[in-house]
Amino acid sequence: MNIKVLALAAILGFSAPAIIDIALNPQTAVAMPTDFVRPTGAFTDNNQEWVIKLNLDQFGIYTYEGQNVKKGSDLTLKNPEMSGNSQSYTYTFKNQNYKYIITYHLADTKHIRLTVVNPQGSTILNKLMAKG
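In short: position in the sequence shown from 1, add 829, done, that's my numbering.
Simulated from the structure, these hints should not be mistaken for lab results.
Computed cross-link-like contacts, SDA-like style, restricted to lysine to any residue with a CA-CA straight-line distance of at most 25 Å: (1) 900 / 921; (2) 907 / 933; (3) 907 / 939; (4) 907 / 934; (5) 956 / 904; (6) 923 / 944; (7) 899 / 939; (8) 882 / 921; (9) 882 / 907; (10) 939 / 912; (11) 923 / 938; (12) 960 / 870; (13) 939 / 952; (14) 899 / 928; (15) 882 / 943; (16) 928 / 946; (17) 899 / 942; (18) 928 / 912; (19) 900 / 942; (20) 907 / 929; (21) 923 / 956; (22) 960 / 893; (23) 923 / 906; (24) 923 / 934; (25) 882 / 916; (26) 882 / 910; (27) 923 / 948; (28) 923 / 947; (29) 956 / 936; (30) 882 / 924; (31) 939 / 929; (32) 928 / 959; (33) 939 / 871; (34) 939 / 889; (35) 899 / 958; (36) 939 / 903; (37) 960 / 945.
Construct all of the structure, not just a fragment, from the sequences and the given hints.
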């Protein structure tokens, strides 16, 4: 037998399950950065006016669910831009031209800061939120 044929057959045999998995489950192909620590759970401000729920699903989709309890309004956003360093991480979710920025400090894992920036670049909300 030809050794090249055997080698090619072995390579295809080992890679076929991965190729099939990606073809059948496109979410598998999503590259999830492993160097970012994402806060998850529910966070509230001191006045209990805002509730922010952050979730990371099995496919690596990071979701922001914000609710204004007093007004009864809510908003769901997915797939933020991520940045950070060894001390803190920033997750910027976008809704049209508004930015919903979550800042998470590794030294204080029980809190996040929610900053909302309008299209003109002005901060319209800046809240420290505690994990509930």
